[in-house]
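K.L.:
Residue numbers (numbering that gives the first Met the number 0), protein chains in the order written: chain A, 0 to 363; chain B, 0 to 392.
Treat the hints with care, as some may be off.
Simulated DEER-style distance windows between Cβ atoms [what the hints assert, rightly or not]:
1. A:ARG355 x B:LEU364: 53 to 63 angstroms
2. B:LEU364 x A:LEU109: 19 to 29 angstroms
3. B:ARG10 x A:PRO90: 54 to 64 angstroms
4. B:GLN43 x A:PRO190: 23 to 33 angstroms
For the record, the hints were derived by calculation from the structure and aren't laboratory data.
Glycine included, every Cβ here is placed at the ideal spot set by N, Cα and C.
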Amino acid sequence: MTQTTPTRAVPRRRGLWRRLRHDYAATPAAALVTLVCGTILVAIAWTLIDWAILRATFDPAAGREACRAAGGACWPVIAARWRVILFGLYPYDEQWRAALACLVVAAVILLSCLPRMWGLGRLAAIWATGTALFYLLMRGGLFGLTPVNEQQWGGLPLTLFVFVATAVIGMPMAIVLALMRRSSLPGIAIPAGLLIDAIRSLPLLSILFTCAIVLPLVLPDFLIGEKLYRVVFGAALFFAAYQAEIIRGGFQAIPRGQEEAAKALGLGWRQRLVRILLPQAFRLALPATINQFVIAFMETALIVVVGFMDLLASANTAFRTGEWTFAHVEVYAFIAAIYFAFVFGLSRYGAFLEARMDAGQQRS
Amino acid sequence: MARLLSFPGTRRQRELALQAVFLSALAALVLGAALTARERLAAQGLTSGFGFLRKATGWEINFALLPTTTADPYWWYLLSGLVNTLFMGAVGLSGAFALGLLVGLMRSGRNPAARLLGTLYVELFRNLPIILQLFFWYAVATALPNPRQSIEIGGALVNARGIYLPGPEIGRGIAALSALAILAGAGLAVGILAARRFRRAAPLRRQSLAALSLAAGFAVAAGLALAFRDPATPWITHPRAEGLRITGGWRIQPEFYALALTIITYGAAYVGEIVRGGLKAVPRGQIEAAAALGLTAWQRFSRVTMPLAFRAMLPMLANQSVWLMKATTLGIAVGFSDFFMVVAGSINHSGQTLELIGILMAGFLAINLTLAALMNRLDRALSLEGSSMRPRR
Numbered sequence: 000m001t002q003t004t005p006t007r008a009v010p011r012r013r014g015l016w017r018r019l020r021h022d023y024a025a026t027p028a029a030a031l032v033t034l035v036c037g038t039i040l041v042a043i044a045w046t047l048i049d050w051a052i053l054r055a056t057f058d059p060a061a062g063r064e065a066c067r068a069a070g071g072a073c074w075p076v077i078a079a080r081w082r083v084i085l086f087g088l089y090p091y092d093e094q095w096r097a098a099l100a101c102l103v104v105a106a107v108i109l110l111s112c113l114p115r116m117w118g119l120g121r122l123a124a125i126w127a128t129g130t131a132l133f134y135l136l137m138r139g140g141l142f143g144l145t146p147v148n149e150q151q152w153g154g155l156p157l158t159l160f161v162f163v164a165t166a167v168i169g170m171p172m173a174i175v176l177a178l179m180r181r182s183s184l185p186g187i188a189i190p191a192g193l194l195i196d197a198i199r200s201l202p203l204l205s206i207l208f209t210c211a212i213v214l215p216l217v218l219p220d221f222l223i224g225e226k227l228y229r230v231v232f233g234a235a236l237f238f239a240a241y242q243a244e245i246i247r248g249g250f251q252a253i254p255r256g257q258e259e260a261a262k263a264l265g266l267g268w269r270q271r272l273v274r275i276l277l278p279q280a281f282r283l284a285l286p287a288t289i290n291q292f293v294i295a296f297m298e299t300a301l302i303v304v305v306g307f308m309d310l311l312a313s314a315n316t317a318f319r320t321g322e323w324t325f326a327h328v329e330v331y332a333f334i335a336a337i338y339f340a341f342v343f344g345l346s347r348y349g350a351f352l353e354a355r356m357d358a359g360q361q362r363s
Numbered sequence: 000m001a002r003l004l005s006f007p008g009t010r011r012q013r014e015l016a017l018q019a020v021f022l023s024a025l026a027a028l029v030l031g032a033a034l035t036a037r038e039r040l041a042a043q044g045l046t047s048g049f050g051f052l053r054k055a056t057g058w059e060i061n062f063a064l065l066p067t068t069t070a071d072p073y074w075w076y077l078l079s080g081l082v083n084t085l086f087m088g089a090v091g092l093s094g095a096f097a098l099g100l101l102v103g104l105m106r107s108g109r110n111p112a113a114r115l116l117g118t119l120y121v122e123l124f125r126n127l128p129i130i131l132q133l134f135f136w137y138a139v140a141t142a143l144p145n146p147r148q149s150i151e152i153g154g155a156l157v158n159a160r161g162i163y164l165p166g167p168e169i170g171r172g173i174a175a176l177s178a179l180a181i182l183a184g185a186g187l188a189v190g191i192l193a194a195r196r197f198r199r200a201a202p203l204r205r206q207s208l209a210a211l212s213l214a215a216g217f218a219v220a221a222g223l224a225l226a227f228r229d230p231a232t233p234w235i236t237h238p239r240a241e242g243l244r245i246t247g248g249w250r251i252q253p254e255f256y257a258l259a260l261t262i263i264t265y266g267a268a269y270v271g272e273i274v275r276g277g278l279k280a281v282p283r284g285q286i287e288a289a290a291a292l293g294l295t296a297w298q299r300f301s302r303v304t305m306p307l308a309f310r311a312m313l314p315m316l317a318n319q320s321v322w323l324m325k326a327t328t329l330g331i332a333v334g335f336s337d338f339f340m341v342v343a344g345s346i347n348h349s350g351q352t353l354e355l356i357g358i359l360m361a362g363f364l365a366i367n368l369t370l371a372a373l374m375n376r377l378d379r380a381l382s383l384e385g386s387s388m389r390p391r392r
C-alpha cells in the first residue's frame with residue numbers, strides 16, 4: 000500500500016491539471032473565451048454581493064438618507080412596504096385572509112404536482128375545492144367574513160387568482176376546442192379551427208383589452224359583470240387556444256391501434272374518449288402543458304395594462320409614492336424573486352417529469 | 000356520436016342536424032352581439048363605419064418615424080403606429096437573433112465558464128415575466144440623472160430623457176426613407192440567396208449579386224441623406240446640453256430603448272435555447288465525416304454544423320419571430336407608440352371601438368401571415384433533398 004500511494008498520486012494530479020487545461024484552455028482561443036467569460040462572471044458576482052450584502056442597508060428603521068450614504072441596496076423599503084407589495088389595496092385588517100388564500104393556491108398547485116393525484120376526478124375536485132375556498136376567503140360575505148369586493152383585490156392573491164381561474168376555465172375550454180377541431184364534421188371542425196388560429200395570431204394584450212373595453216358593448220347587460228371576470232375570460236380563451244393545440248398534438252401522437260382496439264371492444268364514443276384517448280393524450284402532452292402553465296403564470300402580469308393592481312402594479316406603487324422613489328431596483332428584485340421562485344420551480348418540475356417519462360418509455 | 004343524440008333518422012342526417020344547430024347558434028351569437036353593439040353605439044350618438052379615418056386626430060403620439068402632427072388624419076396615425084411596430088420588430092428580432100446565437104453557442108460549447116454564463120443568462124431572463132423586465136429597464140432608464148447632469152460617453156449624452164448620439168442632421172422623413180432603402184436592399188439580398196430562380200446560378204455569382212443589392216441599398220440611403228442634408232449644418236452634430244434642453248444629435252427615447260432592450264434580452268434567451276436545440280439535432284456522423292475529410296474546426300462549424308443546424312431551427316425561429324412581433328404591443332405599458340397603443344388611443348378619442356379593433360386584428364393577422372409566408376419560403380428554399388432533420392421536441 001505504501002508503495003502504490005505515490006505512484007497513484009502523481010498521475011492523479013497531472014490528470015486534474017490536464018483535465019482543467021483540456022476543459023478551459025485547449026487552444027489559445029479557448030483560453031481567451033474562458034478568461035472573458037470568467038471575468039464577466041466574477042464581475043457580476045462581485046457587483047451583486049457588493050450591492051446586495053456588503054454595502055446594503057438592512058436596518059428596518061433606516062430611512063432614505065442612511066441608504067443613500069451606504070450606497071448599496073436599501074432593504075428597509077421592503078420592510079416598510081411589503082404589505083402593499085403583497086396585498087395591494089386589500090383592507091389592512093383583513094390581509095390575513097389574503098395570505099391564507101395564497102397558501103390555499105400554493106397547496107392546490109403542490110397537490111396537483113403529485114403523480115398519485117393525477118386522475119380527471121381527483122384533479123377536478125382539488126382545483127374546484129381550492130378555487131371555492133380561495134374565493135370564499137377573498138370575497139368574504141359568508142361565515143362572518145366581511146365582504147371585500149373585487150376592485151380591492153390586489154397583489155399576489157390577485158395574480159394567483161387570475162392564474163388559477165385562467166387554468167380552471169381554460170383547461171375544459173381547451174379540451175372542448177381540441178375535440179371540436181378533431182371532429183370529422185366540417186361544420187364543427189372548421190369554425191373551431193378558425194377560432195383557435197385567430198386567437199393564436201393575436202397578442203394577448205389586445206385580447207385582454209378587447210375583453211375589458213369592447214365586450215361591454217356587445218354583451219347584454221346581465222352578462223357584462225365585473226371587469227375582472229371579463230379579463231379572466233379573455234386570458235382563459237387565450238390559454239385555451241394554445242392548450243387546445245397542445246392537446247391535439249397529444250391526440251395525434253397516440254398510436255392508431257389504441258382507438259381501433261377500443262372500437263373493436265365495443266366501447267362507445269364517450270368511453271373511448273374518457274378511458275382511452277384523453278388519458279394518453281394528456282400523458283403525451285404533459286411537458287408542453289406544464290410549459291403552457293408556466294407561460295400562463297408569467298402572462299398574468301399583463302393585466303397591469305388594463306388597470307389591475309396585481310403583484311407587478313402594487314410593486315410599482317410601492318416605490319412611486321413618498322420617500323422610496325429611488326428604490327425601484329430593490330422592489331423589482333423582491334417581486335422578481337417571487338415570480339422566479341414560482342416559474343423556475345414549475346419548469347424544473349416539468350423537466351423532472353419529462354425525464355421520468357423518458358425513463359418509462361425506455362423501459363417498456 | 001350515435002348515442003349522443005337520440006334523434007331519429009340516419010347517422011348522416013343526425014350529423015347534418017348537429018352541424019346545422021351548431022352553426023346557427025354561432026350565427027345567432029354573432030348577430031346578437033352585432034345588434035346589441037349597434038343599439039349601444041346609436042345611444043352614444045356614434046355612427047359606425049370607417050369615415051372617421053379621414054378626420055384629423057387632434058392628439059399627439061410621442062414616438063413616430065413618419066412625420067406626424069395633430070392635424071393628420073387617423074389613417075396616417077394608424078399607419079405611423081404600424082411602421083413603429085415594424086421598426087421595433089426589426090430592431091428586436093435582429094438583436095434577439097444575434098444575442099441568442101451567441102448565448103446558444105455558449106451553452107453548446109465545451110467551455111465550462113461560457114456554459115455557466117449562458118445557463119445563468121437563459122434561466123434568469125426566461126423565468127421572469129417580460130413586462131416585469133420592461134418595467135425594470137424603463138425604471139432604470141428614467142432614473143438616470145436629469146439633463147443638467149448628463150453622463151457623457153464618447154460624445155454621446157445619456158440622461159433620464161434619453162440617449163443623445165452624435166449624428167448627421169437630416170429630416171425624419173429622409174431618415175425613414177433611407178432606412179427603407181437599406182431594408183429593401185437587405186430583403187432583396189435574402190431573396191436572391193433564397194430564390195429558386197437563382198438556384199442554378201453558380202453560388203459565387205449569387206453571393207456577389209446579393210452583396211451588390213445590399214450595397215445598392217446603402218448607396219441609395221447615403222445618396223438620399225447627402226442630397227437632402229442642410230448644407231448650413233456641419234457633417235455631424237454633437238449633442239450639447241443647454242440648461243435643461245439638449246440640442247443637436249439623435250435622440251433615442253427611453254420608451255424606445257427600454258422596450259427594444261427588453262425584447263432583445265428576453266427573446267435572446269428563447270432564441271438561445273432554439274439554437275442549442277438545433278446544434279444538438281445535427282447528426283454526429285456529419286461532423287465526424289467532416290473531421291475525417293480533414294476540415295478544420297472553423298470549416299466544420301461554418302460549412303457543416305451551422306448550415307444543418309440552421310435548417311433544423313428555422314420552423315421554431317419562425318414561431319419565435321411571430322411571438323416577438325406580438326411582444327411589441329407591450330409598448331403601451333411604458334408609452335411607446337406602437338400599433339396597439341395608437342389603436343387604443345384612437346379608441347379613447349374617437350369611440351369607434353369595433354372598427355378599430357377590427358383594424359388591429361387585421362394588422363396583426365397581416366404581420367403574422369407575412370412573417371409565416373416569408374419563413375416558409377425560406378424553409379422551402381433551403382430544404383435539403385433526402386434530409387428531414389428536425390430537432391427533438
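K.L.:
Does the Cβ-Cβ separation between GLN43 of chain B and PRO190 of chain A fall within 23 to 33 angstroms?
P.N.:
The hinted range 23 to 33 angstroms holds for GLN43 of chain B and PRO190 of chain A, with Cβ atoms some 31 angstroms apart.
K.L.:
Taking 54 to 64 angstroms as the stated bounds, is the beta-carbon spacing between ARG10 of chain B and PRO90 of chain A within them?
P.N.:
60 angstroms, holds
K.L.:
Evaluate the given range 53 to 63 angstroms for the C-beta pair formed by ARG355 of chain A and LEU364 of chain B.
P.N.:
Violated, since ARG355 of chain A and LEU364 of chain B (Cβ atoms, about 40 angstroms apart) do not stay within the stated range.
K.L.:
Given a hinted range of 19 to 29 angstroms, is it respected by the beta-carbon distance of LEU364 of chain B and LEU109 of chain A?
P.N.:
Since the Cβ atoms of LEU364 of chain B and LEU109 of chain A sit about 40 angstroms apart, the hinted range of 19 to 29 angstroms is violated.
Hints 1, 2 from the earlier list are contradicted by this structure; the remaining hints agree with it.
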